[in-house]
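Number of protein chains: 2
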Amino acid sequence: MTLIDGKALFSNIKNGLSLQVASMVSDGRRPPHLAAILVGDNPASKTYVNAKVKACKEIGFNSTVIEYPENVSQSELLSKIEEINHSNNIDGLIVQLPLPNHIDENVVTHSIHHYKDVDGFHPINIGRMVLGLPCYIPATPLGIISLLKEYKIDTSGKKCLVIGRSHIVGTPISILMSRNNSIGNATVTLAHSKTKNLSALTLGADIIIVAMGVPSFLKSDMVKEGVVIIDVGIHRVKSDHTKSGFKLVGDVDYDDVKHKASYITPVPGGVGPMTIASLLTNTLQSAKKMIYSHT
Amino acid sequence: MTLIDGKALFSNIKNGLSLQVASMVSDGRRPPHLAAILVGDNPASKTYVNAKVKACKEIGFNSTVIEYPENVSQSELLSKIEEINHSNNIDGLIVQLPLPNHIDENVVTHSIHHYKDVDGFHPINIGRMVLGLPCYIPATPLGIISLLKEYKIDTSGKKCLVIGRSHIVGTPISILMSRNNSIGNATVTLAHSKTKNLSALTLGADIIIVAMGVPSFLKSDMVKEGVVIIDVGIHRVKSDHTKSGFKLVGDVDYDDVKHKASYITPVPGGVGPMTIASLLTNTLQSAKKMIYSHT
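Quick note, the sequences are listed as chains W and A, same order. All the letters of the first sequence, read from the start, carry residue numbers 380 to 674 under this note's numbering. All the letters of the second sequence, read from the start, carry residue numbers 380 to 674 under this note's numbering.
Hints are supplied without guarantee of correctness; some may be wrong.
Just so you know, same-sequence chains aren't split out, so a pair can sit in one copy or run between any two.
As the list claims (entries may be wrong) - Calculated lysine-lysine pairs in the PhoX-like style (CA-CA distance at most 20 Å, straight line):
hint, residue 1, residue 2
1, K573, K528
2, K573, K537
3, K637, K598
4, K573, K531
5, K603, K575
6, K537, K603
7, K386, K626
8, K433, K528
9, K436, K393
10, K639, K622
These are computed hints drawn from the structure, not numbers from a lab. None of these values were measured; they are calculated from a predicted model.
With these hints in hand, go ahead and build the complete structure from the sequences.
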């Protein structure tokens, strides 16, 4: 069994990005600049935004966090986004989700210009991804592709099962794994809450990408010997074996499954860090106008 | 075995659209207007455009065909599209494909404003389809959904195999069949040229949508009893049994497979007519601003 080390790859990617930033700066250009909008006091949201800001600092990106109270109006958010859309000083803009109920998440996230949509949530970026055109690919799916590429995992003609059809992970990774590309060309099945006899599908799969949101769901008796496992889930569950009384687990019962897997991502340290790596990569691509040649 | 009669449903849809056009006109509004750009002398392209114009006339839509010689420049096409994008008189615009090699099909089709993209090829419409938002769904996939709905075929939890990953049929129908919707909620597998052991997949499927472009490929020994078959292929092959010496066949060996199928589309008269039905439906929706509330 080979552990797919997302933390190590994240570190390598950050090193590579640092060098590119240094080269931009020595050419007299400003570093890439990521802006994040954070609404309300959700502790998880704050943690995620802080992790992104920390990573920006480590590699020399500029970053700006714009905080709003829980009761901010949608129109105030939209006018700030419009301002950033027109700013020559900011390359990427993300709005940390979830937003309060009185705000339409689609309206807000889709108002970010697709040139600066480094989360890859805008319909134009998703549509271009489906069509195989240059675009910002959503962060978690891009992170998964990067891990598979780093570990030279052969996906062509393999049976890939994606469990979970969310807009930000399951659906886009199912599309990416099917496309005609070096990481891709898999025969992909997308399973979800309405799927029957899931075990028959997991047992038949060469590669399983689990993004269903159920702690420790996937067990060793559900997979075949040599399977590749990518675990997107992350849950805080009670534990008698840690000081805090809690531990982090994924959608896969790691200790049970690892003996049968040829490759497996741990939780934490697998897919999670790669999401930030993708966001930084997308932001650098925006600063360098590698996807869209806007001025 | 029930034959899925696309010709009959096309006729019903045209009747419904006619009534809506009559109602619009009696309200003092102009009828929906579809414009088509046709480049060069490709006989198949002319046939397709003529069929669309004929259907428009039958139901009272206005239609305009703008013809260009093979050597038209891309910029000339783009300026005509820009003109139509701004016209208050035209609701839907299609560019008949293929275009000559010196023209970039993506640049041309994506320059059609997504409000008027009744073929559903624009990245915004594709992205919105992935996200489950109101949009113009590509004509052939929408036609397939309409057939399944008309025949009240239960798709929820069924194993659906889509063969072929083209941008205009296989990929979008695989996305639509997976989504959480009345026609949808299937467990979808997308097969393609790199898929191994296709027969194992066809034998396991409850619903097979074949869009691979190989005449009479799917045989009875590859499917299970009671399967639902949707055949997107259309090929002109030699025949000793017709006056012309040719006949039309699909990707399915219809005479061989029909005995095992619970539902099956014939070729011709199955999916084919539904493509035009979808185009007309999308154009009416544009005229009524049902998808996008632009002015």
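Do the hints match the structure? See the list:
no. : hint        : result
1   : K573 / K528 : between (31 Å within a copy, 18 Å between copies)
2   : K573 / K537 : between (24 Å within a copy, 9 Å between copies)
3   : K637 / K598 : within (10 Å within a copy, 41 Å between copies)
4   : K573 / K531 : between (33 Å within a copy, 18 Å between copies)
5   : K603 / K575 : both (19 Å within a copy, 18 Å between copies)
6   : K537 / K603 : within (13 Å within a copy, 23 Å between copies)
7   : K386 / K626 : within (18 Å within a copy, 60 Å between copies)
8   : K433 / K528 : neither (26 Å within a copy, 51 Å between copies)
9   : K436 / K393 : within (11 Å within a copy, 61 Å between copies)
10  : K639 / K622 : neither (30 Å within a copy, 62 Å between copies)
When each numbered hint is compared with the structure, violations occur for hints 8, 10.
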